[in-house]
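Peer 1: I would like the entire structure built from these sequences, with the hints used as guidance.
What follows is each chain in one-letter form.
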Amino acid sequence: MRYFVVWLALMGLALLSFLFSGSHHGIFDIVFALVIAVAKTALVALFFMELIEHRFINSMVVLVSAGLIALLLSLMVADIRTRRTFPRGPVPTEAEIPTAK
Amino acid sequence: MHEGPLHPQFENLDRQKDAARLGMWAFLGSEALLFTGLFALYAAYRTLYPDAFAAAASHNDVKLGTINTFILLTSSFTVALSVHEVRLGRARRAALLLLVSILLGFVFLGVKLTEYAEHFREGIFPGPSYRYEGLTGYGPRLFFTLYFLMTGIHALHVTAGMGMLAWVMFGAWQHRYSPLYHTPLELGALYWHLVDVIWIFLWPCLYLMHA
Amino acid sequence: MTSGTYEADLVGDKEVAPPSHVPTDALVDYLRADRGIRSWLLTTDHKRIALMFYVVIVFSLILGGVFALLLRTELLTPERTVMDAVTYNRMFTLHGVTMVWLFMIPAIPNTFGNFVLPIMLGAKDLAFPRLNLASFYVYLLGCVVTLGAMVWGGADTGWTFYVPYSTTSQSAVVPVVLGIFIFGISSIMTAVNFIVTTHTMRSANLSWFRLPLFVWALYGTSVIMLLATPVLGLSVIVVALDHAFHLGIFDPALGGDPVLFQHLFWFYSHPAVYIMILPAQGVMSEVVCTFSRRQPASYAAIAISSLGIALVGFGTWGHHMFVAGMSEFDANVFGVLSMFVAIFSAIKVFTWVATMHRGSIHFNTPMLYFFWFLFLFVFGGMTGVAVATESLDVHWHDTYFVVAHFHFIMVGGTLTGFLAAVHYWFPKMFGRLYSERMGLLTSFAVFTGFVLTFFPQFLLGNAGMPRRYYSYPARYQWLNVLSTGGAWLLGGALVLTLVNLLVALFWGRRATANPWGSRGYEWMTPVLPPKTNFAATPVIGRGPYDYHRPEEEAHA
Amino acid sequence: MNETLRRLLFLPQQRSTVAHDIDSLHYFVISVTLAGSVLVFLLAAIFTIRYRHPPEEPPTPNPEANYRRPAVLMEIVILAGLLTLFLTWWVIGSRQFVRLRVAPEGALEVYVTAKQWMWKFAYPDGKRTITTLYVPARTPIKLIMTSRDVIHSFYVPDFRIKQDVVPGRYTTAWFQVTEPGSYQILCAEYCGTGHSAMRGEVIALEPSEYERWLADRPFTGGPAGEAYVEPYTPEEGVSPQMINLVNEGQRAAAEHGCLRCHTTDGSAHIGPTWAGLYGSIVPLAGEAQTVADEAYITQSMMDPTAKIHRGYVAVMPSFLGRIRPAETAAIVEFIKSLRSVPRQGPGGEDPGPVRMGGITP
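Heads up: the protein sequence lines correspond to chains A, B, C and D, in order. Mapping the first sequence onto the working numbering, position 7 (from 1) lands on 7, and the numbers just tick up by one. Position in the second sequence (from 1) plus 101 gives the number in the working numbering. Position in the third sequence (from 1) plus 312 gives the number in the working numbering. Position in the fourth sequence (from 1) plus 868 gives the number in the working numbering.
Any given hint could turn out to be false.
Just the calculated beta-carbon pair ranges, DEER-fashion [said to hold, decoys possible]:
hint : chain 1 : residue 1 : chain 2 : residue 2 : range
1    : C       : I374      : D       : Q881      : 38 to 46 angstroms
2    : D       : R1128     : C       : I374      : 51 to 59 angstroms
3    : D       : A903      : B       : L257      : 48 to 56 angstroms
4    : D       : R875      : C       : V815      : 43 to 51 angstroms
5    : A       : S23       : D       : H1137     : 52 to 60 angstroms
6    : B       : L257      : C       : L619      : 29 to 37 angstroms
7    : B       : F207      : D       : H1124     : 42 to 50 angstroms
8    : B       : H103      : A       : R81       : 53 to 61 angstroms
9    : D       : E973      : B       : P151      : 24 to 32 angstroms
A short, non-exhaustive set of chain B residues, derived as facing chain C with CB atoms under 10 angstroms [to be verified]:
hint : residue
10   : A121
11   : A133
12   : L134
13   : L135
14   : A141
15   : Y231
16   : G238
Simulated from the structure, these hints should not be mistaken for lab results. We put the beta carbon where it would ideally sit given N, CA and C, even for glycine.
Peer 2: Here you go:
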């Protein structure tokens, strides 16, 4: 019974994700949670949503959307992460800010 | 065994079914991009306030979130089963499975509401009415505003999905669908799975990533 | 323009001459197939829905044009001319919103796309006819809500709704952005319909590489509409919530970053430029082949470029934000991606020009519009590459240079494409011929007025005049006067065009089924297509640009 | 050559160290653009004349309709060339862009605060000006900018620099003026009714004169020579009340009921008095304290419970959305005008000597 196996796998992955979140591994925590989420999505899309049996164009919708999602997320986060990439003059601290006289 | 209506613009039933499925998938792609806007904001603010977001995420009740994950995954499973049953010609059983899914949807919303109630009790509100003393500053406030926005819009989708499922459940109970024709049931199921997939990503973002 | 050879096709009003193998009753044309107002308002016929869109869209164009003329009139003098600053700011917001969402986004897809797409595919209708009708009414609702906001004075934020100005402005921001959200729904409905139709409704033998190029353009447009519009929908909803309940997602006082709004906004609004220009390019591909009587120099190049623009266009939104406080790293990434998207448009331009080589060129109004399009689009597009060059953009950003650039693309590109389509498909849609002489004359006038309006704006931008300026330093005045004069000329030319077409609609000569001698599939139908387009699903055994065959053979 | 092209293209004078290089790229890009579009147009025109179908003859099948091979070959060559050209622009442009964005070490730092609808400048030694920015010529100047309300954009056409000024963040820009003179500042990001009137002026002085200007306080007499132009005053599009922000602030404070709880004569009441408030150190709950600067006063209007003055009860409602940004600015100005009035503490006691804190721009 294919659906049942997929359901068990989904529950297992969710449990794994839950258990793993209890221990702290820094950035790896986020990566792991996302990888599991992507794996679960693939299971749901391929088997529950039957992409595996549909015409390929339906999968194209998923792939193109996923590409655009990755594009928007990565370039937005890249903006924030790289806002001081190039060497600048000294960054003003509170003490350097001129006082009113 | 009836094959369903053939609309005049289509040549044959296969094409009509392909069209309906592709239309639904295209719409789901569009829905995914709608949530992407929210996820992008979440990712950006998490990058700006990493510690505050982790702290705020750990304030959420991870047990309730996980229970909701299990509930939605299971409801997805019953919906998939129901499509399977209708293909075997067991429309009544399909309808019952849909009923289970809808009930699971209610449980999901119920758990969500208790979470909201707990947040409100603590003074966690979206936007400027945020009053919680335990977590102050920009980060947690933004986290919870996004939290309410994301789960709120998701809950709207859950409700819409339940409505859709109720409609096809009614149809299945009345034997409107047959192994040869059950496109509405299939489309309703696709929509419900999307709601599930979105929760699959909301759950780690809002509950799990508290390192 | 046609004569002699095609006498057989010249049919009168009532006496439709059907080819012998189809039954006559199937060929009652779509305008007369049903009667009464109900048969229009509740129709699911794609051609009638297209006409309903047509009417509202032309009305929107007129409305947006009136706003534009008022704005230009205000800018005649450096200080107050006819209105105060508050009115001016609301007026340019209305102008932008009207032109972008009421006119340009739906202009070509929802009128001409709706009308010819199923015919070009050999289909009886779109895949979801009721969704198509719903799209029209949702669009109409959007018009009512957006323009209804004028009752409260409208919004004064500019069509870009930059936060935190838009979330703190006292003007009626909420109804305007709500209207835009509703337009978004209509866009998505149409996009789903077009994509599904193109995939599943092609007649037998009609492979992807036999599709008319207009279909490829519409397909690319629909992909953008489908996947970019929801992001806009979300960002305007957040603005509305912020405005109404002060959620503060972008509010710096609550730790928000206003620049993130710009990311989300341009993620839609830059691809939206391609929503506007791609269908116009599709029209031009049809026009240049028909009037050069020639297969496109490279069919695949144009077809693939349409998809290339649609997909690569998604990765360039940040070139609107070089000076917005975005990081230098992102600026460089967006800078280089923007260069690649320009290449796809260049491919199209070269292919069009190469198509004219060894052609047999007929000089009709749509072809004249193609010429203007060629110049305006190349110049506008190249200045687009120029403003995507980071260091140059620093000086040009938010000046009249940018205003001139995007009007070259949107007016010079989209409006010219729209007018070419109006003239090109006029005989097919209404069964009448417009006056060719008046058509050519008005086309010249439109071009002259256009160049006079927007060329001075490039110079104004170089000189440093920022956009959205109610008052300006006196040194900019004479260029502004020139621009305003051009705007009035352009307005007059457009009114003349409308008059010419209205005259043709009621008193024009009856058209033949294929007055241009085109090999396009839509011209295979009778003068006015019947309700179901074809009596029987056609089997298409040739390409849409087979000009080496005689017409009879091609249409057999 | 440079001068001819500059005038032909209506570009303003080049008065910063980067302007000439940027304009050179500008000439390159624009001439290619113009040449390209004219070329394409001419080619189309030539083909039209050469391959024109006689208008009186009926259309005939075109035997050459399928001719295509050379076009594809040519296109590949042309496109490779074009891509190289575009990428060259990108390389030059992005290098210049980074140069525009990264201030040299040791640049003179000036703090810029933008608000609807004026520019304020604070110099390293504490001197402040409104609307007019005084800088020494031939010295790199780094602007550290933030906004009090909405996004503005600092734009000096003569310097070819522009940078958005974003609330809640600091953005920077830098320039080095090549010769003394007066150069107009324009706001390039739409910021509301007075957007087009939000202009200012950079006055570049000889470095020695700049020193003299710094020493002179208040500044009297014009600096030497033709460079001096009367400072710009924002009169266009802005009502006279806006200019006198203090009066406007007093009116707004009365209208919104601020003065029912806050006094202006230094006596204690429901809320802290406004007299002597600006620039003082405000004790908060616990041991915390903050400086009553513009940011704190604005925050207290919008989110009054965020930082409560020790000894007072949180009864003040938020004025977020009830008070226009311009009024906020005016009320802050009004409070600032009361800075030297003596004051009392929460219970009416003498709070002792007012400790003046720093001002964050």
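Peer 1: Would you mind marking each hint as holding or not holding in the structure?
Peer 2: Hints versus structure:
{"no.": "1", "hint": "C:I374 <-> D:Q881: 38 to 46 angstroms", "in the structure": "holds (43 angstroms)"}
{"no.": "2", "hint": "D:R1128 <-> C:I374: 51 to 59 angstroms", "in the structure": "holds (53 angstroms)"}
{"no.": "3", "hint": "D:A903 <-> B:L257: 48 to 56 angstroms", "in the structure": "holds (55 angstroms)"}
{"no.": "4", "hint": "D:R875 <-> C:V815: 43 to 51 angstroms", "in the structure": "holds (47 angstroms)"}
{"no.": "5", "hint": "A:S23 <-> D:H1137: 52 to 60 angstroms", "in the structure": "holds (56 angstroms)"}
{"no.": "6", "hint": "B:L257 <-> C:L619: 29 to 37 angstroms", "in the structure": "holds (33 angstroms)"}
{"no.": "7", "hint": "B:F207 <-> D:H1124: 42 to 50 angstroms", "in the structure": "holds (47 angstroms)"}
{"no.": "8", "hint": "B:H103 <-> A:R81: 53 to 61 angstroms", "in the structure": "holds (58 angstroms)"}
{"no.": "9", "hint": "D:E973 <-> B:P151: 24 to 32 angstroms", "in the structure": "holds (30 angstroms)"}
{"no.": "10", "hint": "A121", "in the structure": "holds (8 angstroms)"}
{"no.": "11", "hint": "A133", "in the structure": "holds (8 angstroms)"}
{"no.": "12", "hint": "L134", "in the structure": "holds (4 angstroms)"}
{"no.": "13", "hint": "L135", "in the structure": "holds (4 angstroms)"}
{"no.": "14", "hint": "A141", "in the structure": "holds (7 angstroms)"}
{"no.": "15", "hint": "Y231", "in the structure": "holds (9 angstroms)"}
{"no.": "16", "hint": "G238", "in the structure": "holds (7 angstroms)"}
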